[in-house]
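Going down the list, the sequences are from chains A and B.
The first sequence: position 246 = 246 (the working numbering), numbered continuously.
The second sequence: position 355 = 355 (the working numbering), numbered continuously.
Please note that the accuracy of each hint is not assured.
Derived Cβ-Cβ restraints for the label pairs, each shown as a range [claimed, not checked]:
| # | chain 1 | residue 1 | chain 2 | residue 2 | range |
| --- | --- | --- | --- | --- | --- |
| 1 | B | 339 | A | 22 | 24 to 32 Å |
| 2 | B | 339 | A | 394 | 47 to 55 Å |
| 3 | A | 292 | B | 339 | 47 to 55 Å |
| 4 | A | 122 | B | 366 | 54 to 62 Å |
| 5 | A | 186 | B | 215 | 29 to 37 Å |
| 6 | A | 167 | B | 35 | 25 to 33 Å |
| 7 | B | 304 | A | 214 | 55 to 63 Å |
| 8 | A | 218 | B | 215 | 48 to 56 Å |
| 9 | A | 78 | B | 215 | 33 to 41 Å |
With a Cα cut of at most 35 Å, we get these calculated DSBU-like pairs of lysine-lysine [as the list claims (entries may be wrong)]:
| # | chain 1 | residue 1 | chain 2 | residue 2 |
| --- | --- | --- | --- | --- |
| 10 | A | 61 | A | 141 |
| 11 | A | 384 | B | 341 |
| 12 | B | 300 | A | 61 |
| 13 | B | 341 | A | 61 |
| 14 | A | 61 | B | 217 |
| 15 | B | 300 | A | 384 |
Chain B side only, calculated, beta carbon under 8 Å to chain A, not exhaustive [said to hold, decoys possible]:
| # | residue |
| --- | --- |
| 16 | 18 |
| 17 | 36 |
| 18 | 98 |
| 19 | 312 |
| 20 | 313 |
| 21 | 319 |
| 22 | 331 |
| 23 | 335 |
| 24 | 349 |
| 25 | 361 |
| 26 | 366 |
Worth flagging that the hints you see were computed from the coordinates, not collected in a lab.
Think of the CB as a built atom: it goes at the ideal place given N, C-alpha and C, for glycine as much as any other residue.
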Amino acid sequence: MNVLIIGNGIAGTSCARMLRRLQPDHASCRITMISEEAPYHFSRPAMMYISTGQLTLEHTKPFADASWAQQGIALMHGRVTALDAVGRSCTLDDGRVLAADVMVLATGSVPSVPAHLDASLRGVVTYMQLADVQRLNDVMKGAHHAVIIGGGLIAAECAEIFACMMEDRDSSTITCVVREDGFYGNVLPDHESMIVTEHLRRHGVRVVTNTEAVRLVDVDGRVTMVELSNGTHLPADCVVVATGVRPNVELASAAGIRCDEGILTDASFRTDHPGVLAIGDCAQPPWGVRQLWYTGRLHGEHAARIVLGQAGAFTPTTDFNSAKFFDLDWSTYGMVPRSSDAANSRLLIDRDGVRCIRLAHNDAGCVVGIHALGVRLDQRVCEKWIGGRVHVQAAIADISSVIFDAEFTPSFNAVTA
Amino acid sequence: MNQPIPIMIPKGASRSGTMLRPWRTRGASAYALALVMTLFYVCVYWFPGVLDVLVRPLDGSSQMLRGRVADQWFLYGTLYTLAVLIMGVRMLRRDGHERYHRYRTLVLMSVQLIAAYILPSMLARSGRGEFYFSYFWPLKPEVMFPSSMTQMMSSPDALTAFMSWWSLALLVIATPLLTYLYGKRWYCSWVCGCGALAETAGDSFRHLSSSSDRSWKLERMIIYPVFVIITVITALLWYEHANPHPALAEITASANRIYGFVIGGLFSGVIGVGFYPLLGSRVWCRFGCPMAALLGILQKGASRFRIEVNPTQCISCGNCTTYCEMGIDVRSYAERGETIKRASCVGCGVCSSVCPRGVLKVTSRV
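Could you put together the complete structure from these sequences and hints?
Structure, rendered in structure tokens:
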């Protein structure tokens, strides 16, 4: 069998590695993985640490370069210009055509830039692809007024990069323009969102809430200001547009594969073309698009089993995710809806006023989701509580068992809100 | 909401900029620094006369502390202690917002200042030999050699006798017990002077430790033989002590001299510290220290210590592996959700601190 994987992000890589693990015979399962972005897989969530000089690209590669050849996974560094979904082949920018028995599309996401913002101006970047590390670094040089449009995880990462790396930190400003009431307000309930917003402010980041950027003002093609929905103008010599990402469906849709928001698949990641699968950020299975790094890994590993005929439909497991807002950890398990309030969740706030744990529950009082700010949670306990339908009162009584903080960390003393 | 944040790092990621500085990434300045440090060690061990210009100004303080003029060892001890204290303050500013690092660094600084500098000086002043309460066999093998052991134990001076019992008790009782309870970290990253220098002055170079499989193999090929050699030398000395045998005494004495030159001088000093800017801060602890070998065996075989892993939250970023001073590929365990139990881990806790997703927890709780 000949498997062609397009994209070497976490979904594509997990698929390739799992295929080889399940089918160690190189000859009976030939695996080729193509990427335009980077010759070798790197950890995308670590990209910000390359920007802050905490890591180099080498450090962010989970697999040694030599291991790919040992594993019999052929890597190709190039751009796929066209897919033939019926004949199952792809054309590269150098004119080569690669044919396969199974094609796995793992093309990831692309930045979703609103039409009214011209990201092609000098001084304006997005932050998603490896090449953006260099681009951000270039626009940051000599900049004094950084503006980040967006209030999500990429925006938080960029704020930290600016705070660490802007040359003349004392005389420069970092501003986040956030559409919601507070930072990450499209995911976090109001209280948590406010804590994150305050936390960014304490790190010297201006957070302008309830506001959108309506236009980028330029002089001779170079950005100078950001015009806001409230009519004011922010001076800006360095702008990151971090208004979210959307599935990268360009190749698939040009090849006639059925797409909606993402590439439409069944629960086994099969597209409407036989032998063509789509996984990770770019896929839209029946339960919808999930653009999480962790999800990409699960998709990839499961798709490998499907390709080898060893598995059927994928069942999404308990959701989980985590992030960091400067030094403030956030992690979540299960479902903690944005609209969580006193009726469907219990919020425990530490006496320091910052650290908090929220337990979302259903009408019967069973825990359905947990998230925490400034406190590290033990995944095993979270899953036990959620999977075991533990009552929220019992969970609160045993709250110390879920905490995974380092030794000597001040204990979490909850004042229930 | 108006209270200060208890968990704040002033400038964001605590180790930002590390990879951008030539002196921390094997640039020309790193080689220059390594050369200076290496030459200093060579002078201290074998050409002390060269250092006279630095030693003489310390005569006053040496008289005050030890009641005698300074020598190259007093210069060395003074500089060593100053390095631990000054760079310890730097470590506290960088990681001190986390209590584990705050306590650990303060203990290391205190032990170095009191047990490895002031107390030995005072003992010297009182006419006794310089004795270090924080070093014992096999890191400081001579304390268990029959010559010093029998002499000290039978000393009419109660303090001298106590010191030999102290050495014995730490080896026989404290080492296995504390390692069982807390892992080798109780010594390597809370007490030991080599660890104190590595965790303070060496902190800037911790990411230079190689995490390749090859260096792990090399580690096992060197550290255990060193431990075996010093154990054999000690055993032979005691055998010869019980059954006098001039030829054997001569062989053992020269073996001990070679050990002292190669391991005690060349390895622990010249390479172990001099090469900080090239090979990382724990070369000696990782490849050469017989104490680390012994504690490692106990840690692997009879200890509650481990690094727990929060399965599946790992994002493979590589911060843990990069900043492990012992060159453990922490990420490879974290990705698999596998609890980490490695002989070499000194429990410094930095992997857990640099993990941006709360995956790792250094612990010895039941």
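Going down the list of hints, with the structure as the test:
In this structure the supplied range 24 to 32 Å holds for residue 339 of chain B paired with residue 22 of chain A, their Cβ-Cβ distance being about 25 Å. For residue 339 of chain B and residue 394 of chain A, the Cβ-Cβ distance of about 27 Å falls outside the hinted range of 47 to 55 Å, so the restraint is violated. Here the CB-CB span from residue 292 of chain A to residue 339 of chain B is close to 25 Å, at odds with the stated 47 to 55 Å. At roughly 60 Å, the beta carbons of residue 122 of chain A and residue 366 of chain B sit within the given window of 54 to 62 Å.
For the hinted restraint 29 to 37 Å between residue 186 of chain A and residue 215 of chain B, the CB-CB distance of approximately 46 Å leaves it violated. For the hinted restraint 25 to 33 Å between residue 167 of chain A and residue 35 of chain B, the CB-CB distance of approximately 31 Å keeps it satisfied. For the hinted restraint 55 to 63 Å between residue 304 of chain B and residue 214 of chain A, the CB-CB distance of approximately 60 Å keeps it satisfied. In this structure the hint that residue 218 of chain A and residue 215 of chain B lie 48 to 56 Å apart at CB holds, the actual value being about 52 Å.
Range check, residue 78 of chain A to residue 215 of chain B: Cβ separation about 34 Å, and the 33 to 41 Å hint holds. A distance of roughly 27 Å separates the Cα atoms of residue 61 of chain A and residue 141 of chain A; the hinted pair therefore holds under the 35 Å criterion. A C-alpha spacing of about 25 Å is found between residue 384 of chain A and residue 341 of chain B, which places the hinted pair at or below 35 Å, so the restraint holds. Between the alpha carbons of residue 300 of chain B and residue 61 of chain A the distance comes to roughly 29 Å, so the proposed pair stays at or under 35 Å and holds.
For a cut-off of 35 Å, the pair hint linking residue 341 of chain B to residue 61 of chain A stands: about 23 Å separates their Cα positions. Distance restraint check for residue 61 of chain A and residue 217 of chain B: the Cα-Cα separation of roughly 22 Å lies within the 35 Å cut-off, and the hinted pair is therefore satisfied. A threshold of 35 Å between alpha carbons decides the hint, and for residue 300 of chain B with residue 384 of chain A the separation of about 30 Å falls inside it, so the pair holds. Interface restraint check for residue 18 of chain B: the shortest CB-CB distance to chain A comes to about 6 Å, inside 8 Å, so the restraint holds.
Proximity of residue 36 of chain B to chain A is violated relative to the hint, the smallest CB-CB distance being about 25 Å (cut-off 8 Å). Given hint, residue 98 of chain B at the interface with chain A, holds; its Cβ is 6 Å from that chain's nearest Cβ, closer than 8 Å. Because the smallest distance between the Cβ of residue 312 of chain B and any Cβ of chain A comes to about 6 Å, under 8 Å, the interface hint for this residue holds. Hint status for residue 313 of chain B relative to chain A: holds, with the closest Cβ pair at about 6 Å, below 8 Å.
With 8 Å as the threshold, the beta carbon of residue 319 of chain B comes within range of chain A, its nearest partner Cβ sitting at about 7 Å, so the hint holds. Here the hint on residue 331 of chain B is kept, as its CB sits about 6 Å from the closest CB of chain A, short of 8 Å. For residue 335 of chain B, the interface hint holds, the least distance from its beta-carbon to any beta-carbon of chain A being 7 Å, beneath 8 Å. Among the interface hints, the one on residue 349 of chain B holds; its C-beta lies about 7 Å from the nearest C-beta in chain A, closer than the 8 Å criterion.
A hinted interface residue such as residue 361 of chain B counts as satisfied when its beta carbon comes closer than 8 Å to some beta carbon of chain A; here the least separation is about 6 Å, so the hint holds. Given hint, residue 366 of chain B at the interface with chain A, is violated; its Cβ is 14 Å from that chain's nearest Cβ, farther than 8 Å.
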